[in-house]
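> First to last, the protein sequences are chains D and X.
Just so we're aligned, residue 1 is where the first sequence starts under full-length UniProt numbering, counting upward by one.
Just so we're aligned, residue 1 is where the second sequence starts under full-length UniProt numbering, counting upward by one.
Treat the hints as calculated values from the structure; they're not laboratory data.
There could be a bad hint or two in this list.
Copies of the same chain are indistinguishable here, so a pair counts whether it falls within one copy or spans any two.
[Stated by the list, open to error] Below are the DSSO-like pairs computed for lysine-lysine, each with C-alpha atoms no more than 30 Å apart in a straight line: (1) Lys439 x Lys248; (2) Lys499 x Lys487; (3) Lys678 x Lys366; (4) Lys666 x Lys439; (5) Lys153 x Lys649; (6) Lys487 x Lys153.
2 protein chains.
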Amino acid sequence: MASLQDIGVSAAINLLSALAFLVAFGLLRLQPINDRVYFPKWYLKGIRGSPRRSGHVGNVVNLDFNMYMRFLNWMPAALKMPEPELIEHAGLDSAVFVRIYLLGLKIFVPITFLAFAVLVPVNWTGDTLERVKGLTYSDIDKLSISNIPPGSKRFWVHLGMFYIFSFWTYYILYKEYKIIASMRLRFLASQKRRPDQFTVLLRNVPLDPDESVSEHIEHFFCVNHPDHYLSHQLVYNANYLAKLVEKKKSVQNWLVYYENKYERNPNERPTTKTGFWGLWGSKVDAIDHYTAEVEKLSKEEDIEREKVVSDPNAIIPAAFVSFKTRWGAAVCAQTQQSSNPTIWLTEWAPEPRDIFWDNLAIPYVKLAVRRLLMAVALFLLTFFFMIPIAFVQSLANIEGIMKVFPFLKPIIEKKVIKSVIQGFLPGIALKIFLILLPKILMTMSQIEGFTSLSALDRRSAEKYHLFILVNVFLGSVVTGTAFQQLKKFVDEPSTEFAKTVGDSIPMKATFFITYVMVDGWAGIAAEILRLVPLAMFHLKNTFLVKTDQDRDQAMDPGCVEFAISEPRIQLYILLGFVYSVVTPILLPFIIVFFAFSYLVYRHQIINVYNQKYESGAAFWPHVHRRVIIGLLISQLLLMGLFSMRDAEKSSAVLVALPILTIWVHKFCQGRFESAFVKFPLQDAMVKDTLERATEPNLDLKAYLKDAYVHPVFKDNSMDPTALIDDEESNPLVPTKRNSQRSSKFPSEESSDSDG
Amino acid sequence: MASLQDIGVSAAINLLSALAFLVAFGLLRLQPINDRVYFPKWYLKGIRGSPRRSGHVGNVVNLDFNMYMRFLNWMPAALKMPEPELIEHAGLDSAVFVRIYLLGLKIFVPITFLAFAVLVPVNWTGDTLERVKGLTYSDIDKLSISNIPPGSKRFWVHLGMFYIFSFWTYYILYKEYKIIASMRLRFLASQKRRPDQFTVLLRNVPLDPDESVSEHIEHFFCVNHPDHYLSHQLVYNANYLAKLVEKKKSVQNWLVYYENKYERNPNERPTTKTGFWGLWGSKVDAIDHYTAEVEKLSKEEDIEREKVVSDPNAIIPAAFVSFKTRWGAAVCAQTQQSSNPTIWLTEWAPEPRDIFWDNLAIPYVKLAVRRLLMAVALFLLTFFFMIPIAFVQSLANIEGIMKVFPFLKPIIEKKVIKSVIQGFLPGIALKIFLILLPKILMTMSQIEGFTSLSALDRRSAEKYHLFILVNVFLGSVVTGTAFQQLKKFVDEPSTEFAKTVGDSIPMKATFFITYVMVDGWAGIAAEILRLVPLAMFHLKNTFLVKTDQDRDQAMDPGCVEFAISEPRIQLYILLGFVYSVVTPILLPFIIVFFAFSYLVYRHQIINVYNQKYESGAAFWPHVHRRVIIGLLISQLLLMGLFSMRDAEKSSAVLVALPILTIWVHKFCQGRFESAFVKFPLQDAMVKDTLERATEPNLDLKAYLKDAYVHPVFKDNSMDPTALIDDEESNPLVPTKRNSQRSSKFPSEESSDSDG
């Protein structure tokens, strides 16, 4: 077991490495050549044109050394932007996402102070470990609950503190839910006119032998929503077309690459091979080949485009139905249309860029079967994922490699390389799996048939949370694979399981402290450095970019990866709850993580990330629920822990807590959840009335005409900014504010002070 | 353990006693004096005036012996009425209620045949019990799974059969859900105009300092439902007034009683005492006293009535809001009105007689707290109800009684009486508790704040089901109190618990066979005899009745006690599932129960029960869910049983079943449940359009004016038939059908054949 000193050393190392990342970030960020990597958001907004060239700032490398002195300047800058402006700038989703870190701080800062003021002294003077001779123990154990003798009256202090912690958490959770619900309502109310306010997504239109889908929809809504129905937009099955467009784009990239190559070196016509990835096949002139390829694909695309529009079979039984008023749309989205609840399904239309087009035409029975299969698959994946990996590992040994690639034999047989491979190979399959995992989970969610990207993200986060809970948290506390845990859980009494897990928790404190530092601190520092986008940008910039527009396309701003980040936050919150009374020394590490993450992500959403969609913080009920789950787990484990230490009475007193937690959840859910799933008629009516008064001559039909057309029909150039229609139509940044904001814009600030 | 012969004897006894009940019923039913006890439904419908006096049939006693010969004639008569007519006659609720028994038959008749064809031979030739010497076993055990040697390959037969049984049940459940959903939709579509089609129940109206509740409601709906809002009906807090009316009625009953007494014996003015129950206090002239009392109460009632109507504080923040069209009401009931989901709550208005007026004004927070408290109370009641009963039992011993009532000492000390009391007393507290239990559960549901009688019934049924499951089923299988089971469940691994329970199941077969006969068969036979209403009617008839109208009021037709009967049916269904592969010999007993119950209840709803309300079979999703729960329990127990008999492999193969069961439930729920909770706009529109075409000049406002007035304001005479407004407004039985129906009307038939 590690001593306080060991932890200190480890913390120092991790702090230093994080600092190194930050220094690297500080240096790279100031180079104009990296401007599009570290400030893409501003380019997307059209505020920043190209790297500024004032003072000593060169085009490629920044030579102003004053600026290097203040390489941490971005931190206060990230905090400066006030929240309303942040919402306007980066969307409510992003603003609420960083509030999750704030939630962590709000919960754990007071808890940490209390724990250090009360529990640490109580534990320190417990004296159990010192009395038992011959026992090796560390200072950390002296600060933890292990230092309290079994059956001691001191457990009542822990018990009381845990009640206080729980109630504090309830309070914060309730308040935060309230704040975010009102933020969402204000956001929705203040929004300008948007197509999704007037539109519902209609699915499972029944087939009619006498009418086309379009006629059928029109007749149905003219009859059943006579005063409100306006128009509808059919959905075409353009999945193949979208693939063609995608392929053409990649071929075009190659064409540009070879043209650039030829430009730089006009003496030699570049060549390529026609086979797979240009690795084999006959040699041809690259520019001619790709020009021909592009032409061929263009033709194919036109034919397919024609076919999709004219073929009645390409129309899928779904549509976007628009109404004359927001009230009409709100009514249609919330009511049942037909007595058969599996046809004429209506729901709020996601905003156009949030739609996942592939899933719009899945009938009810198929959907039910898919959900069942995916539930089983998730169970197997969570508990048995080690089996295929172990299989791959058994194959991927040195002998196997030598058999398949005999020509590598001389290299592999060198001793150094051999030992490296042997030490490395077994881990690599697992590592690849863990990197692929979010993608696998996303694919599973896609198979389940959700129709919007935001819903897919929320669903994947749920799956990832389960995986982390079982394989990282429980997997670390209970030794053995998830499958062995499962067996243990089934074979042991449920109380016994809680007891064994609860008992081993204090011993794992140092492990989790290290985990927080390595995975948390270093992970966040790597996030801000953006190594992969940095490399990709410079590669593209070198080989593909000709015009400024190309350069904009080469940017990869990325976005908030809710499905990956949120479950990890939940793990830290869970750790915080569990160790708040067991080993309070862990709490500061978590606080540092939350504070640092808050800073970094606030910086990233201001300067880097682009919004894929705007769901209006629809994920908050999920965040709330998972915090509640974390609290519940910690309460159950603590009951187990107490009853292992002959404090059965205290354990019994804890019984009320889980019940209370569930009740708090239900209460908050009933009080606030509907703000996230329904759109009240009163608000719709207010906006309708206002609009009728201010714009009596609005041609809504024209406004909605192309809002819900499949992106491949909309815009051949696939300009990403064109999709952000609401921002386009009303420029977000008026002139006056613009100057305010630029002062908060870090590198501009430094160059200002310079010029 | 009982042998087949023992069971046979027991069955014969129970059959004879059931037969005795039926003979008694056959005899009593034919006496004209009992006509209002056994055929009240027809009186309520106004079809039957007073007992017929044709042929040999006298006024009081029936002397026609031919009719006695055919005392079982009611049975085919009960089955004759076709279902559509039954729905028209007794309502959809009753018609669907008897279908629960039919569901039992549909599930278990094929299962029984299969089990006897396959499993009984397999078990019989198992030969285990014969080989083990010195083991006492009975024939029943030879027919059960106990006769299969551990680890035998024969278990695969049981396994396969259980899969077949489960799939058969899925199929029947799905089909039945589908049938009943379409029955409900057809019923709702065919209904005549009813106030609840146009009305939503509005709750939690926020207080406004500037407006009265009525103005506030009017303004809100005029703004937010401008095209559809028609009017609203305020709700007054008339609970005290209702109590006064109730009290006046009882005093009036006493007045009538003494007047009758005086009429029969004009020489003596009856006297009474003014104190509690007329037991002590000063002696007064009874008629004068009660006349004065009635007058006093009438005055008090008038004052209170005045006060309620004029006092603004008597208006509670709830109302019935009516709309111009069914479409408008359907929209309002299904949407959220305000961004705060705890105010302006709208839901479908229950029909007027279904409303539980006391609960209309409970704010959200209070409701949440009440639900929490009741959940805890239900848990305690289910698992610890024995503690207070044991306490009462310890008090209610002979010494205790002698201390409190010393004057009883000489009687009690007689040996015979003493032993009777000693044998009787301990059981009596438990018996009283069990009789009171449904009432206790109903009170708990009322505290939870449901606003309609039908919802209260459904909720109470849920509670009672849990109680029966834990205390009757598990309590019989696992010995010990519910609390000990709970401890066992918590302390043992979940698999271990399933194993011990599964293991002891075969041994309890004879107990449950007896239970089915005593509780099931005899209980149903007692149901048809209606001893309590019979006695009550004759008491009232003797002392209170003067006019025919009085006689009608003395009838107590009763109604389908869903909250009590349904959970019991679920117990039998659960027993059927559990023993279908374990001890198939139990199945015929359950089938007899279902068939007999179906017959009896069909007879009762045709001839006896009055409808308290019509919910349109809204309880079916609950019935479906509980059958699914029963199936799940049986599947888990069977897994436990198999793994106890060294058939671990078979046990593992069963794992798929619970998952499938849950999936089937989800599937059916998604497919059909909305038919029971929502009202589709399409159907509303169809009815609206039809009505507009047929009755263009309908004055809807006048029609709805008094529909949702508190019953105490509606009708002073409290005529029960006045509440059945839909039946009143359109006489259910046209002349032609009337004659058809009367031929199915049992005693009329016999008298016809006689005349």
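> Determine for every hint whether it applies to the structure shown.
Right, here's what the structure says about each hint:
no.	hint	in the structure
1	Lys439 x Lys248	within (24 Å within a copy, 74 Å between copies)
2	Lys499 x Lys487	both (16 Å within a copy, 16 Å between copies)
3	Lys678 x Lys366	both (26 Å within a copy, 24 Å between copies)
4	Lys666 x Lys439	between (32 Å within a copy, 27 Å between copies)
5	Lys153 x Lys649	within (10 Å within a copy, 49 Å between copies)
6	Lys487 x Lys153	between (35 Å within a copy, 26 Å between copies)
The structure agrees with every numbered hint stated previously.
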